[in-house]
Structures are given as structure tokens and as C-alpha cells.
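Peer 1: Listed below are the residues making up each chain.
2 protein chains.
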Amino acid sequence: MARVIVDVMLKPEILDPQGRAIARALPRLGFSGVSAVRQGKRFEVELEGPADEAALGEVRKMAETLLANTVIEDYTVRVEG
Amino acid sequence: MARVIVDVMLKPEILDPQGRAIARALPRLGFSGVSAVRQGKRFEVELEGPADEAALGEVRKMAETLLANTVIEDYTVRVEG
Chain A
1 MARVIVDVML KPEILDPQGR AIARALPRLG FSGVSAVRQG KRFEVELEGP ADEAALGEVR
61 KMAETLLANT VIEDYTVRVE G
Chain B
1 MARVIVDVML KPEILDPQGR AIARALPRLG FSGVSAVRQG KRFEVELEGP ADEAALGEVR
61 KMAETLLANT VIEDYTVRVE G
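So the protein lines, in turn, are chains A and B. The first sequence begins at 1 in the UniProt record's numbering and counts up one residue at a time. The second sequence begins at 1 in the UniProt record's numbering and counts up one residue at a time.
Hints are computed from structural coordinates only; laboratory data are not their basis. All figures in this text were calculated on a predicted structure; none of them were measured in a lab. Keep in mind that a hint or two might mislead.
Chain copies aren't distinguished; within one or between two, either way the pair holds.
[Stated by the list, open to error] Straight line, CA to CA, 25 Å or less: simulated SDA-like cross-link-like pairs of lysine to any residue: (1) Lys61 x Arg3; (2) Lys61 x Ala2; (3) Lys61 x Val34; (4) Lys61 x Leu29; (5) Lys41 x Ile14; (6) Lys61 x Glu13; (7) Lys61 x Val77; (8) Lys61 x Arg24; (9) Lys61 x Gly30; (10) Lys61 x Glu48; (11) Lys41 x Glu13; (12) Lys61 x Val79; (13) Lys61 x Gly33.
From just these sequences and the hints, can you work out the full model?
Peer 2: Okay, structure coming up:
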């Protein structure tokens, strides 16, 4: 069993209202020194078998078709560890 | 300028309906070999200064009080790179 992480973030050119709201709330809450925040999604995918190239290819296809909206989001796939 | 990543995931003992829905949809969509999926949040925090211990302490406080609900969620803080 292996764990693969898929991170999905809005593309840099897409406005991120959630991240922006957090960044703007920080000074009000006493935090300084943060110039920007972006919020995205993290998926932990547990594989039944090893994280070999075939399995990672499947996870990439999964990210492409199901986990990310590639019109507005980028994703990265990596084996945890 | 440094980028710090905060990952927020539901604690292992908390049921994750979103992740479960994804895991159950996968076979229907032609994907096999996945035993479980958990969905969480990823925050990219851009610091104005370097990611030294003081700054990381601030980000941890931020995660604790604002980004994660520590009753049901765990978080990890790490410098990207």
C-alpha cells in the first residue's frame, strides 16, 4: 500500500477569493508579515498496490478528469514519503 | 520572500464524506486499485520576510486559530522547496 498526494490549486492568474479573504483578515487578527494566501485542495489517495509508474499514471488521469478542473486549476501528483 | 505550506486534513478518526464519495465514484469511472481517498485543504502562505523560526511560529499560530479547526482537523506547516 502506498499513499499518493494530489495537490490542486487555482492557476496563478485566477483570482482566489477565499485566499484573499484570509490574507485580509490576518492583520485584523494580529498577524503581520504575510503578503498573500492562496487556498487549494489536497487529496490523499491510498493505493492497493505499489506507487509504480502505471499507478501514478492512473492517479494523474484521475486528477485530470475528476479531482481538478483543469480550465482553472493546476494539479501536482507525488508519492508521499 | 518565502512560501510556507499549511496542509489541513480531517483527523483520521473523523469520517470524510467528500473523500469517501470520490473513492466510491472511482470504480464507476473506470479507475481501480484505490482503497481510500481523503480530502483536505492546502494553503500557500507567502511571507514578506524569510521563513525563520519566528515566522514559522506565527504561521503555526495562524493554522491553529484560523486555518484549521483543531477539534476535528490536524495541520502540518512546512517551508516549500
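Peer 1: Each of the hints needs a verdict: does it hold here or not?
Peer 2: Hint by hint, here is what the structure shows:
Only within a single protomer do Lys61 and Arg3 lie at most 25 Å apart by alpha-carbon distance; the minimum there is 16 Å, versus 28 Å between protomers. In the homo-oligomer, the alpha carbons of Lys61 and Ala2 lie at most 25 Å apart inside one protomer (17 Å), although the nearest pairing across protomers, at 31 Å, exceeds that limit. When the C-alpha separation of Lys61 and Val34 is checked against a cutoff of 25 Å, the pair qualifies only between copies, where the shortest distance is 13 Å, while the shortest distance within a copy is 35 Å. In this assembly of identical chains, Lys61 and Leu29 lie within 25 Å of each other by CA distance solely across copies; the values are 11 Å between and 41 Å within a copy.
For the homomeric pair Lys41 and Ile14, the shortest alpha-carbon distances inside one copy (15 Å) and between copies (18 Å) are both at most 25 Å. Taking the shortest Cα distances, Lys61 and Glu13 sit within 25 Å of each other inside one copy (24 Å), while across copies they are farther apart (29 Å). Taking CA atoms no more than 25 Å apart as the test, Lys61 paired with Val77 passes inside one copy only; the shortest distance there is 10 Å, against 28 Å between copies. Taking identical chains as interchangeable, the C-alpha atoms of Lys61 and Arg24 lie at most 25 Å apart only when they sit on different chains, with a minimum of 16 Å there against 36 Å within one chain.
In this assembly of identical chains, the alpha carbons of Lys61 and Gly30 lie at most 25 Å apart only when taken from different copies (11 Å versus 42 Å within one copy). Proximity of Lys61 to Glu48 under the C-alpha cut-off of 25 Å is restricted to the intra-copy arrangement: shortest distance 17 Å within a copy versus 36 Å between copies. In this homomeric assembly, Lys41 and Glu13 come within 25 Å of each other (Cα to Cα) both inside a single copy, at 17 Å, and across copies, at 20 Å. For the homomeric pair Lys61 and Val79, the shortest alpha-carbon distance inside one copy (15 Å) is at most 25 Å, but the shortest distance between copies (28 Å) is not.
Taking identical chains as interchangeable, the C-alpha atoms of Lys61 and Gly33 lie at most 25 Å apart only when they sit on different chains, with a minimum of 13 Å there against 38 Å within one chain.
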